[in-house]
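Undergrad: Model the full structure from these sequences, guided by the hints.
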Amino acid sequence: MNEMTQHFLLSQSVPTLILWIGTILLFAAWIRLRPWSVHGTGWMTFVSPAVRALVCFIALLVAAQAFQRHLIFATTWAIWLILLVGAISTEIVLVLYAFECQTVRKREGKIIRVLRALLVLLVTFALCQPVRSFEVSRKIDRYVVVAVDNSASMDIADTGMGLGERIRLAEYLSVLKTKRPFRSEETVSVLDQARQELSAQMDGLVTLSQISAGSGDQTVEKLKPILGSSRSIRKNVAAQPAKLNEVLALKSLVLADQVKGRIDSASKRISSETMNVLDERIKLLEAAIQSLGKKSGDKDKIVVDYNKILDTGKRAIDSLQVGEKEIAVFGDEIDQALYKSIPEAERTAIDALTALKRSDLAAKILTTPPGSGTDAKKSGSIIQRISDSYGMKAYAFAVKPTELDQQKLLSGKMNSADETGHSQSSMGTNISGVLGKAMSDIPAGQLAGILLLSDGRHNASEPLETIAARLGQARIPVCSLAFGNDQRPPKDAAVVSADAPDMLFINDSFKADVDVKLDNLSGKKISVKLLDGANIVDTRNIDVKADSLRERILLSDKPKTVGYHSYKVQIDAVEGEVEKGNNELSIPANVTDDRIKVLYVESYPRWEFRYLKNLFVSRDQSVRLQYVILKPDTIDNIPAKQAVSASASRPVEEPEATRLPANDEEWMKFDVIILGDVDPAAIGAEGIKSLKKFVAERGGALIMVAGSGKMPRSFSGTQLEEIIPVSFKASDVPFIKAPEESYRIALTQEGREHVITRLSQMPNENAKVWNELPSLYWRHPISSAKPGAAVLAYAMPFEAPAFLKPRASNEVPDEETLKMRRQFELENALIVCQNYALGRVAMLTFDESWRLRYREGDTYHHKFWGQLLRWATADKILFGSSCIKIAADKSRYSPDENVRVRAKITRRDFSPVTGLSPSIRVMNGEKEVSRKKLKFETNSAGIYSGDIGRLPEGGYKLILECPGLPEDMAPELAAARAEFGVAASSPAELVELTADMGALNRLATLTGGAVVEPPMARTAMEKFGPPSLIQTERRQVSIWNSWPFMLLLIGLAVGEWLLRKRVNLP
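Counting from 2, one number per residue, gives the positions in the sequence shown under this note's numbering.
Hints were generated in silico from the structure; no laboratory data involved.
No residue lacks a Cβ here, since even glycine has one placed at the ideal position from N, Cα and C.
There may be inaccurate statements among the hints.
To be verified - Using C-beta positions, here's what the derived DEER-type ranges look like:
| hint | residue 1 | residue 2 | range |
| --- | --- | --- | --- |
| 1 | P775 | R471 | 29 to 35 Å |
| 2 | A985 | G858 | 35 to 41 Å |
| 3 | Q868 | G564 | 24 to 30 Å |
| 4 | V1064 | L119 | 17 to 23 Å |
| 5 | R856 | G1009 | 50 to 56 Å |
| 6 | Y605 | R908 | 34 to 40 Å |
| 7 | R856 | A985 | 54 to 60 Å |
| 8 | T208 | S14 | 35 to 41 Å |
| 9 | P1027 | R471 | 30 to 36 Å |
| 10 | P798 | T915 | 45 to 51 Å |
| 11 | L774 | A644 | 39 to 45 Å |
TA: Here it is as structure tokens:
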């Protein structure tokens, strides 16, 4: 149904009345011709019907033209063809019915013919598909949303508020009784508005210059609004120097000569420089319009010099910007002079505004009518003006938005019933949430704008820009009243963050990198302390030499006892600071002496051994190392070292042993055993048996590092062959030569995500580290990794097969290619790991992991082996006795994390105890806060676990209870104790207390809104547009397929049928 399908056969200038009269006359002529006929034979008999059909056709054409003044014919067929068929059909029907009706009375015959003719004509009308199109208008009342920030940061006073801000607030709130001689904010607003309009004009002129220079009448029409806007800018700017001159003329105001000089300079700059540039711009625009408007033959050759016009715009913008900055500065100086001239009582009242909380100030701004010096002509408070003109919805928001009752808003009570004080629900500012709530509650077409009262410190996870873009697309401006100042913060000292370990070993140093914020404290000395419980263990003094200082300091302690240490960083309260709840931060930690017990066995001190020994002995304090060199280097005439068996009980400072563990029990005491290039004969049958038991029954971890001598080729046929994660060929000959001359390490898909080979949290960075390793030249050949083993890395030859070469990023390899890749990875595996019974096994089929030190020193080599050990000891629990251990998964949780507890119960031979029903008690001091039954982890080495859920901040003790435990293990159970802490990080809400003007300005830019000081609230409301809109909607009603039309057709057909039956016609 498109108006493009209309068929206008006559000029539309023909009056509608003439068309209808013509229609009537033509149909009258057609009816009058009914009795007429031409007598004769042959073709002569068709003359009169043809003439009548032609007259009917013409009548229908004129009728169609008349109907189309009121209706639309939506058919896609040629209208004349439909009408021609209709006219011929009507004439044929009337001729045939004339013969048929000769047997009935004349009256009934005429009625039957008329009914049938009308039926044919209505069908013809329906084929034209007539549609009635009309417009419906409705009034849409628009809403303004008032969103009031009631987060914790709004519960502070802006003690750093400048005198100019105080004067402007005092005037608005009627605290200032004396009239201000100069309202600098209004003049700055005029200049800023002029600058923005000029910037918008610049964009339009740039577009015009790029399209076509001098494009005639169309260009003139586009230049005229720019000229009109430029004249309006000139008029507004021209009025400002007079205001400045009035200030200079005042005798009652004592201004320094320097200030008067700046005022006079600004006035002259605007009067001369700015106005001259604007006059030049207007003349250039007038000349361009006049030239383009000339009615000459060579009009299209006229060239407009857009560069000159653009240059005037740039110069005007620069001049206005300078004027804004100057007026803002001496405007405050004028207010200072006013402040000195008013009575003491009035000054005291003005100064008291700095003690008002932001939330109280927001309530006053919304509910207080403006002072006489501001917008007296616009009576009523902001809330009253909004509610009088618009529909209004109000929300208070912090972490979540809550709708406010309008009566509560009018009374100045902004906090919702359950969100008062520094509750958890107020410890965040989610501006996105309240804007999204407004959009969901009010249709976009009815939302005129949002008035946001906030400091702009959006700290929720969802980005502000996303919802701002949606508001901008819907043309819903967000106008912000900014509370706080981004240049003059309130007086406050805060612990911003602390980076410290939650677990360390005895004799290690606890080091905390602490970020502190010190605002408006210049000239003071601030002490930052590290406390362990109530004891001060370290202090750093900071001499504050700036109004806004951010500094990182190091606090440390060397704990001397094993167990839980409730460390916290504290800054002593400073007199006059606005928020004391951010002066300390808890960073509890656990201290343990239960290091990872590692036994490393090698035949000779190869390079791999040397680097690992240095790493575990000197650098990695989490490892208690024992190493045995079965074939050490010897020097003539130097006696052999005293025979010492390796034992996990030996002192940390004595890592070297000369013999393997003395017995099966000593083997079981270790957590991880690393086997290097060792001859199984040197280990012995009992040792190999103990190794298998260590993995399968004790749940230990075995790491094997291949060598050219014995590992793993010589272990074929031993009990260890079963647990080695790769299959290989037995050989009596050392594998001196690798399967290829050189290769590089390539990660498999699983290796890219596995904890062992994740050297960086960023996938791309991790792949880069592995890809940039130097070439390797030896590895042990294998047949394949065993089923169930995880291949993390494989040897990639430099001349790789085609199926290994990377393809286009969007190309998916076919099934055959994937199968070949997988088989290649299995047959060339370098790093393989698997679970075996209760333990874990890893195999390195190369002996050059030390090449991870290439260009990076210990960084990646240390990290690789550290993560390999963490994977190997994932089930290790640190606290308790030798047989029963208990601990939370972490020593320090945040309040929004679930606490998970694990217990490990084994016999004295380290075999797991199953079938028990242990439970855990969680104590906060002497109070039990939770009790949880633990469940056994299937196929584990005696591990029971359970989730406690979330806990509030504080220190907690875990006590294990285990009914059914053998009595001889009661002392072990009594020793099963552990502690952990729940500590929140410093809330962003109470750390940065300045206003985030950047966020508010981005919000205004994206939505077409504005950011103003609270006293300028009324200027922001001008962005909201009219209180109501008239929406016009075009509707179309299809007449030809409507029920009334169908009933009319049916009525005519039924009427004719009944009449025919009445006169006995078939």
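Undergrad: Between V1064 and L119, is the Cβ distance one that fits in 17 to 23 Å?
TA: Cβ of V1064 to Cβ of L119: about 18 Å, so the range 17 to 23 Å holds.
Undergrad: Can the suggested window of 54 to 60 Å be confirmed for the beta-carbon pair R856 and A985?
TA: With Cβ atoms ~40 Å apart, the hint is violated.
Undergrad: Please check whether A985 and G858 have a Cβ separation lying inside 35 to 41 Å.
TA: With Cβ atoms ~37 Å apart, the hint holds.
Undergrad: Evaluate the given range 30 to 36 Å for the C-beta pair formed by P1027 and R471.
TA: 22 Å, violated
Undergrad: CB of R856 to CB of G1009, is that within 50 to 56 Å?
TA: 52 Å, holds
Undergrad: Given the hint of 45 to 51 Å, check if P798 and T915 actually sit that far apart at their C-beta atoms.
TA: This hint holds: roughly 48 Å between Cβ atoms.
Undergrad: Verify the CB-CB distance for Y605 and R908 against the hinted window 34 to 40 Å.
TA: 37 Å Cβ-Cβ, so the 34 to 40 Å window holds.
Undergrad: Between P775 and R471, is the Cβ distance one that fits in 29 to 35 Å?
TA: The hinted range 29 to 35 Å is violated for P775 and R471, with Cβ atoms some 52 Å apart.
Undergrad: Within 35 to 41 Å or not, the Cβ separation of T208 and S14?
TA: 39 Å, holds
Undergrad: Could one say that the CB atoms of L774 and A644 fall in the range 39 to 45 Å?
TA: 40 Å, holds
Undergrad: I want to verify a distance hint. Is the separation of the beta carbons of Q868 and G564 within 24 to 30 Å?
TA: Because 27 Å falls inside the window, the suggested range holds.
Of the numbered hints stated above, those contradicted by the structure are hints 1, 7 and 9, listed in ascending order.
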